[in-house]
Amino acid sequence: MDKNFAGDSNPRPKWRKVAYGGMQIGYDDNYTDESFLEEMVMNANVVRRNLLKVMKDSVSISQYLCIVALVVLVWVHTLESSLDENSLLVLDLSLLASGFLILLLTEEKMLSLSLLLRYLLNISFFTTGLYILAPIYQTLTRSISSDSIWAVTVSLLLLHLFLHDYSGSTIKAPGALKHPNLTSCISLNASVVASVFVASRLPSRLHVFAVMLFSLQVFLFAPLVTYCIKKFSFGLHLLFSFALMGLTLYSVYALHKLFFLVFLFLVLLVNVVCPYWLIKMQEYKFEINGPWDEAKLCFDITD
Amino acid sequence: MAEPPKLRVLMVSDFFFPNFGGVENHIYYLSQCLLKLGHKVVVMTHAYGNRSGVRYMTGGLKVYYVPWRPFVMQTTFPTVYGTLPIVRTILRREKITVVHGHQAFSTLCHEALMHARTMGYKVVFTDHSLYGFADVGSIHMNKVLQFSLADIDQAICVSHTSKENTVLRSGLSPAKVFMIPNAVDTAMFKPASVRPSTDVITIVVISRLVYRKGADLLVEVIPKVCRLYPNVRFVVGGDGPKHVRLEEMREKHSLQDRVEMLGAVPHSRVRSVLITGHVFLNSSLTEAFCIAILEAASCGLLTVSTRVGGVPEVLPDDMVVLAEPDPDDMVRAIEKAISILPSINPEEMHNRMKKLYSWQDVAKRTEIVYDRALKCSNRNLLERLSRYLSCGAWAGKLFCMVMIVDYLLWRLLQLLQPDEDIEEAPDIFLHHHGEKIN
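One line per chain: the protein sequences are A and B, in this order. Read in order, the letters of the first sequence correspond to residues 1 to 303 in the UniProt record's numbering. Read in order, the letters of the second sequence correspond to residues 1 to 438 in the UniProt record's numbering.
Derived by calculation from the structure, the hints in this document are not laboratory data. Careful: at least some of the hints might be erroneous.
To be verified - Keeping only pairs whose Cα atoms sit at most 30 Å apart, straight-line, the calculated DSSO-like set for lysine-lysine is:
no.	chain 1	residue 1	chain 2	residue 2
1	B	K375	B	K62
2	B	K252	A	K17
3	B	K252	A	K296
4	B	K336	A	K296
As the structure is a prediction and not an experimental result, all values here were calculated from the model.
If we strip away everything but chain B, and leave its shape as in the complex, we get (with noise of 0.2 Å):
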């Protein structure tokens, strides 16, 4: 008889499969790792064209495909108190004890750690993306975190950087926000049996295809490399709407043969574009963390990236050339890593990776905040206001307003529809807890 489950965390976002992205691996993975550790994992999203309703994925991860429509950009219509009878029914069936919120642009994370906090669970957010501060839309995204942040259990962040933004944005407190980096799936991302030659040297881009992940500087970029060096061709996968510019690039310089343009890649074919390459360029403008540079020196290619956000905390020096977003310099930057191409060794780089990243690493930290959150005390609602009116002098009273209405929905729910009424879901174990991983 397996023993009950040591945690019951529900994760919630917008963003998860059949979409891909960093969010989603990361809630997957993460999921797949705490269930092997023998937690119990229940996955909140909204529902992706006709996939709605509960669907079961591998290991016995329980996804609740929540039947709202996404408006702008996969996330769902803000309603702000729509989504607190699903919550709570979802929340009372699985006798989750910990919700786990993801991405900050995900609003439906940000009303699910509502009315969790309302209903009396600990709560834990993530962030995986970096924002400014100056312009419109960062300013209200960053009233909302503050407004989601103030009464958090414990928040992660997947770099140092993302840390500091994280902290300035919403006003925590550093020792609340703990830093666990994303991971790589070394067992799918294996560098090829037979490196290819390295007479023709493959320089591969993989990245949607829009002005933040630095289309622009590759349109500057490719054509000066080609030109200092015959014997380098380029790869680019992936689309977007800078499409037609490097399309216009090849045009322009001649290099059909020189640079293959392969559209959109799927995340199962990543690999075997991966492995045709000896150097993986990633020319983003910002990023927390990125996860495609991982996945490219697990396969055993050399990086060479932009110094942006948290990009210089993810790989050890000798696995990446850095260089300013700047075109020269990338061009600097490709040039050395050409030059120091011959002593890179796929394998060793792979066992390397193997041992700096793990998703298994990742879910016992989180193990750790998880626990954290779970020895936090129980605040009244009282108290909780007071927290909630220090976000600003307009926007704190607006926010205790807010709350007040979720307690008295909440409350009238509960008249509704008392807790004991609504069916406890059984657990199901798939596999055997018994084998733990130390």
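Extracted from the complex, chain A is given alone in its bound form (with noise of 0.2 Å):
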């Protein structure tokens, strides 16, 4: 502290960080001490990202992206008849194959054979449903346009990829505990409504079994058996995830080029970009955390 010699020398005390006792002596009102603004702590909380382990984060978004328009591409197949009923069955069927194969390895717990058979039950439930219900959802939609069909089908896919839960899965794999938030249940249902719609416009009550049993697999069980693989093991998820992407890209070139080369652009953007872009970005994070915040509470309120 400076000391204040006007003639009688009096040093001044010291300065007290306290409100009490009216003006201090000395100091005036505005006087800023060099203790000033030293509690402040910045940039507590923040995370430093790498930019690879964000990349291959990204491959999870990427990956759904591939699935999403593999079946997309089913659809637009099927719709155009190059792709019939019988082979939809089989596709059907190996697909639940394949899929029940991945959970019983990579899952940790060993499945009991009461359980899968329950599995069996509820599978056969399901599908047994969804045969006798095909008719009600071929004369669904038959008085509506197409061109009403095809946008509420985009934009229902659409809202379906931007609410969708990539870090997890909406249908509880056994044993999780993260219970699902209601954007993904929203996306799940926007994603089943939008095979409805589509599965509307087909010929014959098999074509529209076949579909609806592909879609509904694929959107409600897809995010499982991915997040089943990602866990068991990371270098597999990568392999899988290339691979997707390379059959995907390679038919979505055989179907239309222009369609090839937004669906590369996209993979591109959401692969390499964007985890730049947000790295890019993090240099600007400023954080300020002092004794003037609002105190956290560390006990759960239970109502």
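Dock chain to chain to rebuild the complex, using the hints, since each chain is given by itself in its own frame.
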């Protein structure tokens, strides 16, 4: 503290950070001490991200994009009648079997026979129900024009992609702790409704059943399967994702060159450009904490 | 013949009587003390129900209840330029020299400050609360504050922590911010003539029962203390959404005879509730200043409080026991308070409070701030615009546009109703200014 030698050389008392006692002698009210902003803490809780890790994490997003793109491809082929209902049914069964196999292999806890039987029972109920309801879906949108159907389907799919929970799975894996939140439920419903709309445009009952089964299988269980693969081994997850990406790119290329370019651009955007952008923006992060913060309660409020 | 007042101050805020609260009290007492010092004070606020128009309060304090309806939490609807005509009329009519705005949450205050700056008046702002930086509401509020304070003459904060918070939020230079605390009317808050017996120790809590004021901490602390000390009882005054949780806590632990819930306590009855107790408990999660603690100390109660915000600066260490906002630490603090209770003398505490805090002292220090503001140089529009430009890449330009439009509207109003045509109100003195308080 500098001393105030003005005539009778009375050094002014040390400045104290208190509000009582009126104006402190020798100090103006706007005096700013060296201890000003001493207790401010900057960027205490900020997680420093690594570019490679962010790129690896973004593979989950592009993997799911590929899955949705493949579903749309199957829909397009079915609507153009280049894929007939028998091959669709074969596809469905093989998907079901492979999904089950992956779940069995990657699940840490041994699935008991009774649990397996219960799953099989549920699936047979589901399939039977779908088969019985197929005629209803077939005539559901007969009076609505095709343009409206395609527009609604596209917007529902976009909503589904936007709100999807990319880190986990809406259908709970056995033993999962996280409850699905509102946005992931909305996205799941959007995808299911989109599949119903597309299925209603098909000519025969078997077509409808096959496409519905396929779409529902993928939308309901693909996140669960990919989540199990990711949990089991990250290398396997990366391999699976790249294989899927390759398959999708090839199939889209076979369909239409422009869509291929758009899809390729999208994959590059998600995997390369966005992680880089995120890391670049991190340097602007400025988190301020200090004694003025509202205190956080250390216990949960149970009502 | 009384000499003309030295300063002519307009206090602007959305929060004034008949509403009760810290800001309202502050404005009222500060205005009264400034009136006694010989200045002229006028208050501008929005209409409260049927209370609209001009009212006179004690000491000749003129209050303009401008007929704007409040829209959320007692703040007026922000129309940006809608208040320009009425503010201009009031400023001209009362021949104001300094405009003093209160509380960052008050839209009327920000608009009035903006118009006052456009018209060339000197402007002072007092911030009464602490705000965060991270949530959406705070980010917008801080941007608005940055705009208001970009071109201000002086600012006042009620505690050192509040000064740090305001400087960070608004980007003001610390030399422009003065620290002038609130005070308490010690004449109204006197201890009981006969101290209640310490056989049964009474702990008083008076606060709104909301999350921010730590009502959840109370729910955890009260059962623990009641279990440890059979001779302790609680008196809880105040109402709010967390009232239900406290009632549930009473039921669950069967504390109906040991915890008394008074409901909402009107301000005039606060003292009578306080003097029934020995210890005052404050469990807020955030406080810029906390006048409740001052009122309790003035009534001779020992305070136990959470160490948040500006609370550690408010009272000397022997009048308050601080604790972290954690139930176990608060119980420990209450234990310590109960152990030092015998050595507390309420009369002596009251006399000390009289010396530590007084509204006259606050008024004198505020007077210094006004004088400093009046000495600030006048700047024309172009120089002022450069200050707004520095507020941000997009925001700076937006703010400049807002100020330019305000300036043009002001000139238009001057054309439609020249300054000379606005009738000036005569000054009415309701008490002798000859007695100056030194």
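>> Hint by hint, where does the structure go against what was stated? Just the numbers, ascending.
In response: 2
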